[in-house]
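Since the structure of chain A is provided, determine the placement of chain B on it from the hints.
Given next are the chains, with one letter for each unit.
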Amino acid sequence: MNCPSCNKPMANFTSLSDCGCADLQLCKECHTSKIANLTTSNTAILHKKLTEMRVPKRYWNATPDVSMWPKPTVVDVCAFKRGVYFFGDSGVGKTYQMIGWLKYAILHGIRANYINWSDFTCTLKSDLRIYDKLKAETLTAPVAFIDDFQVGNSYIEDYTFNFISTIYNEGITPFLTSINLPPHDRFAMRLGEMTVQYEVRN
Amino acid sequence: MITPEAVQDRVKLISKALVRPVASPRGMKMAEVQEYLSRFSDADFALFVDKLGKSPQLHAVFSIDKMLRDDMVATLMSGGKALQQAISKYYKINIMVVKR
Chain A
1 MNCPSCNKPM ANFTSLSDCG CADLQLCKEC HTSKIANLTT SNTAILHKKL
51 TEMRVPKRYW NATPDVSMWP KPTVVDVCAF KRGVYFFGDS GVGKTYQMIG
101 WLKYAILHGI RANYINWSDF TCTLKSDLRI YDKLKAETLT APVAFIDDFQ
151 VGNSYIEDYT FNFISTIYNE GITPFLTSIN LPPHDRFAMR LGEMTVQYEV
201 RN
Chain B
1001 MITPEAVQDR VKLISKALVR PVASPRGMKM AEVQEYLSRF SDADFALFVD
1051 KLGKSPQLHA VFSIDKMLRD DMVATLMSGG KALQQAISKY YKINIMVVKR
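Heads up: the protein sequence lines correspond to chains A and B, in order. According to my numbering, the first sequence is numbered sequentially starting from 1. According to my numbering, the second sequence is numbered sequentially starting from 1001.
The shape of chain A in the complex, shown without the other chains (with noise of 0.2 Å):
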């Protein structure tokens, strides 16, 4: 579509708000001022839902990096068909990366819950009797993303068993940070197929 004004080709811009997204086509040209209030009201609604989630502000300006990746995974990615499991060594940057898809989702208008793992574990071991309210709260969106992943002990694995277990069933599409994979078999079926596994290296 051309712009009315300068007849030259409009481009896409997304608009967010509290519901989701919606696609507007401005002109780069005639619609400066539209679109630097877009840009500024959709950084305070991003920001507004960052903090909301809960999500760390160091990681706010993070961008998922796919140079590496090859186009399908990117494209099944983007789609939120698949998940990504992020481990390595601390520090490295997979939070960074993760974060840098859930900015990604909500600038797509996809709703998405971010779980910082040591919380919910903690938040777990002082009273196990929470877990099905704790679980409801944190799987109400199409998208989960897990900060510092962890299978933990014996005590506390049957729990995160049955987290992931749920999120396999339920369809929803996890994006997981961790030092390291899950080797038990139990967690490997579920995960592997629920996930691409790259290992964040500098």
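Since the hints were derived computationally from the structure, they do not count as laboratory data. One or more hints might be untrue.
[Claimed, not checked] Listed next, with one range per pair, are the computed distances between beta-carbon atoms:
hint, chain 1, residue 1, chain 2, residue 2, range
1, A, SER118, B, LYS1029, 41 to 49 Å
2, B, PRO1021, A, ALA136, 46 to 54 Å
3, B, GLU1005, A, ASN202, 29 to 37 Å
4, B, GLY1027, A, ASN202, 53 to 61 Å
5, A, SER90, B, ASP1070, 24 to 32 Å
[To be verified] SDA-like, lysine to any residue: derived pairs with alpha carbons at most 20 Å apart:
hint, chain 1, residue 1, chain 2, residue 2
6, B, LYS1092, A, HIS184
7, B, LYS1054, A, ASN180
8, B, LYS1099, A, HIS184
Just so it is clear, CB atoms sit at the ideal spot from N, CA and C, and this is done for glycine as well.
Then chain B, alone, in the frame of chain A:
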């Protein structure tokens, strides 16, 4: 064919990458390792050691026997296959180098 001394030097490099002692092979095993490692140039082996050092998943499971059995030098240089074999057959591990 590389010399037994060269094998010992390469084992020392592995040991350094893993930050733990790795026993040098002896006798029949030395001949096997000599034959296996002769397939790789010093540059290729240095690349393998570099990848091994950066892969904590392999640190715990590495052994000279496993290196021979799984053709670990070749598989690790070709991507994440060695990792995959070491952890679970259900994973298809890829390597992603992030510039910071």
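For each hint, the structure was consulted:
For SER118 of chain A paired with LYS1029 of chain B, a C-beta distance near 44 Å keeps the hint of 41 to 49 Å intact. At about 50 Å, the CB distance of PRO1021 of chain B to ALA136 of chain A agrees with the hint of 46 to 54 Å. Against the hinted window of 29 to 37 Å, the Cβ-Cβ separation of GLU1005 of chain B and ASN202 of chain A comes to about 34 Å, which satisfies the hint. Judged by the Cβ atoms, the range 53 to 61 Å given for GLY1027 of chain B and ASN202 of chain A is violated: they are separated by roughly 40 Å.
Distance hint for SER90 of chain A and ASP1070 of chain B: a CB-CB separation of about 27 Å, consistent with the stated range 24 to 32 Å. The hinted pair formed by LYS1092 of chain B and HIS184 of chain A meets the criterion: a straight-line CA distance of about 15 Å does not exceed 20 Å. With a CA separation close to 13 Å, the supplied pair LYS1054 of chain B and ASN180 of chain A stays within the 20 Å bound. A distance of roughly 31 Å separates the Cα atoms of LYS1099 of chain B and HIS184 of chain A; the hinted pair therefore is violated under the 20 Å criterion.
When held up to the earlier numbered hints, the structure conflicts with 4, 8 and fits the remainder.
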